[in-house]
Amino acid sequence: MGPGSSSDGVEQGSVTVALLLSGVGVVHPGGRRALESVDLSVAAGERIALIGPSGAGKTTLLRVAGASLRPTEGRVELLGAGPWGLGAGALRRLRARIGAVHQAPPLPPRQRVVTAVLAGRLGQWTVGRALWSLVHPADTEGAHDALDQLGLADRLFDRCDRLSGGQLQRVAVARVLYQRPDLLLADEPVSSLDRATSELLVSRLVAQSESTGAALVASLHAVDLALKWFPRVVGVRAGRVVFDLPAGDVTPALLQALYEGDAVAAVPAPDGVAAATAAAMMCR
Amino acid sequence: MTRWPDPDARRRGTLAVLAVVAAWPLLVLAEFKPWQLFDGGNLAVMGGFLAGFLPPSTDPAFLSLLGRATLETLAMATAGTALAWVIAVPFALVMARSLSVSRIGPARGAVAGPVVRGLARGVMMALRAIPEVVWALVIVRALGLGPAAGVLALAITYGGMLGKVYAEILESVDARPARALLEAGSSRCMAFAYGLLPGAAPELVSYTVYRWECAVRASVVMGFVGAGGLGQLMDQSMKMLNGGEASMILATFLLLVLLADGFSAGLRRVLA
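Order-wise, the sequence lines are chains S and V.
The first sequence begins at 1 in my numbering and counts up one residue at a time.
The second sequence begins at 1001 in my numbering and counts up one residue at a time.
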């Protein structure tokens, strides 16, 4: 375990815990180990960036945090509940409070943008409302407002297959903004996007966390984005948490050790952050 | 020989040889001797039979009977397919693995899930294993002669077929949208409607229309056992050796299939 493996540098006080992992380990069915004794605690309203070389276990960690993967070992608590002890109905209601942005936006190409955004609240809507919304959008205003924050309001009634990759990811983010979850998870949300769009998406996720008090956990390839937008940065390598520090305490040496030997990111030059960033950004 | 031999080549070759070796005894067993068709005597017999079909009958009394029977057949096929759809949809939603909530995690009920899916698959198999004409024979005894027996027989057998193929279509489209919705707390039915349906709709529609077309044809065979419609008319014409009437009925079938084909193509264009 590296320095400060759990949650030092973060005051928890009486703030409610949005995400609590203790001793979490994941072994995939093939026998490959993806996570090993991970401890992580995220308070409501807190924003955390996960960084680390590819294959480090960031995606697995986020899937555990999103109640979509049950860990082999350890304890998970999401928004005050242990998801894997819940009945089907309670688990559904818990999942409705968790929003995820995926690396590849999971939107059906033949669906209209407005429907794709409104689908964010399927976990909260009644069946009748959801079915009617397929015939006529139930909350055009809401979808419009969410898209407007991402500069895509004019594509409200376009079909998803008319959008570019970056626009699709913006729709996916609009969906999660519209969902208004209490725990926001983002798995490499900007890995294939240009610089300006990346900044826009990350800033919107951060703004959502600030305005709604949702906890935000995002994995990022671009180290500089992580350091710029997230007060707390967690380094993951080979399935373990290597460091868990305030962004200001992340040193070039730590980054170099984190990405050491990563074939794609190469070894960051001693002058640190900028080089590590450049290397990490070359990944895509 | 290249320096990078295809590792799959040997397996593919073996499979191809095995397929031929396995098919040969089957052809022998099925007494597959197509050349007998062209033996002099056989050709003349078939020719004589077909010549009796010309010219198609245009007798007004027969045409009015034909019109009525056509409507009856269309009604039988449509009602049967609609009922089959009602049976098939819930089963397909249960069987499609990409809509399984318990597979995520896996959560509680991950053991029961495959059992329920297996049971549903078994029910679908049982429904379609018995040909519709056999169901019709059984039901005619209960409901008497007429299209009602045909409708029920079609609903049972086609329900089993539609359910199986719907589930397979749902599993063949991209599962990630539905999975993402399930992970955000959506129910199974809504994950289907918002996640799978947009991608699967054209295939589902075209298969359903194709099944309707099959139902039109199946109603002929069922007509032979007394389930009404064009089939029953055909049966009567053939028994009275009235080839002109039979050929007119066949022409009607051709028209109906053409109609179904155009309808399906139109619907797909609308959905695309």
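In short, the hints are calculated from the structure, not lab data.
Keep in mind that this is a model prediction, so the values were computed, not measured.
Ideal Cβ placement from N, Cα and C applies to all residues, glycine included.
There could be a bad hint or two in this list.
Claimed, not checked - Derived DEER-like restraints, expressed as beta-carbon distance ranges:
no.: 1; chain 1: V; residue 1: Ala1023; chain 2: S; residue 2: Thr140; range: 24 to 30 Å
no.: 2; chain 1: S; residue 1: Arg75; chain 2: V; residue 2: Met1125; range: 39 to 45 Å
no.: 3; chain 1: S; residue 1: Asp148; chain 2: V; residue 2: Ala1019; range: 56 to 62 Å
no.: 4; chain 1: V; residue 1: Met1125; chain 2: S; residue 2: Asp194; range: 50 to 56 Å
no.: 5; chain 1: V; residue 1: Gln1036; chain 2: S; residue 2: Asp161; range: 28 to 34 Å
no.: 6; chain 1: S; residue 1: Asp194; chain 2: V; residue 2: Val1116; range: 56 to 62 Å
no.: 7; chain 1: V; residue 1: Arg1012; chain 2: S; residue 2: Thr16; range: 48 to 54 Å
no.: 8; chain 1: S; residue 1: Trp84; chain 2: V; residue 2: Phe1253; range: 32 to 38 Å
no.: 9; chain 1: V; residue 1: Ala1019; chain 2: S; residue 2: Thr140; range: 52 to 58 Å
no.: 10; chain 1: V; residue 1: Val1115; chain 2: S; residue 2: Arg32; range: 25 to 31 Å
no.: 11; chain 1: S; residue 1: Ala247; chain 2: V; residue 2: Arg1003; range: 25 to 31 Å
no.: 12; chain 1: S; residue 1: Ser164; chain 2: V; residue 2: Arg1121; range: 37 to 43 Å
Said to hold, decoys possible - Simulated coverage check for chain V against chain S, where a stretch passes if three residues somewhere in it have a Cβ under 8 Å from a Cβ of chain S:
no.: 13; segment: 1057–1069
no.: 14; segment: 1098–1107
no.: 15; segment: 1185–1191
### Query
Okay, which hints does this one fail, numbers in order?
1, 5, 6, 7, 8, 11 and 13
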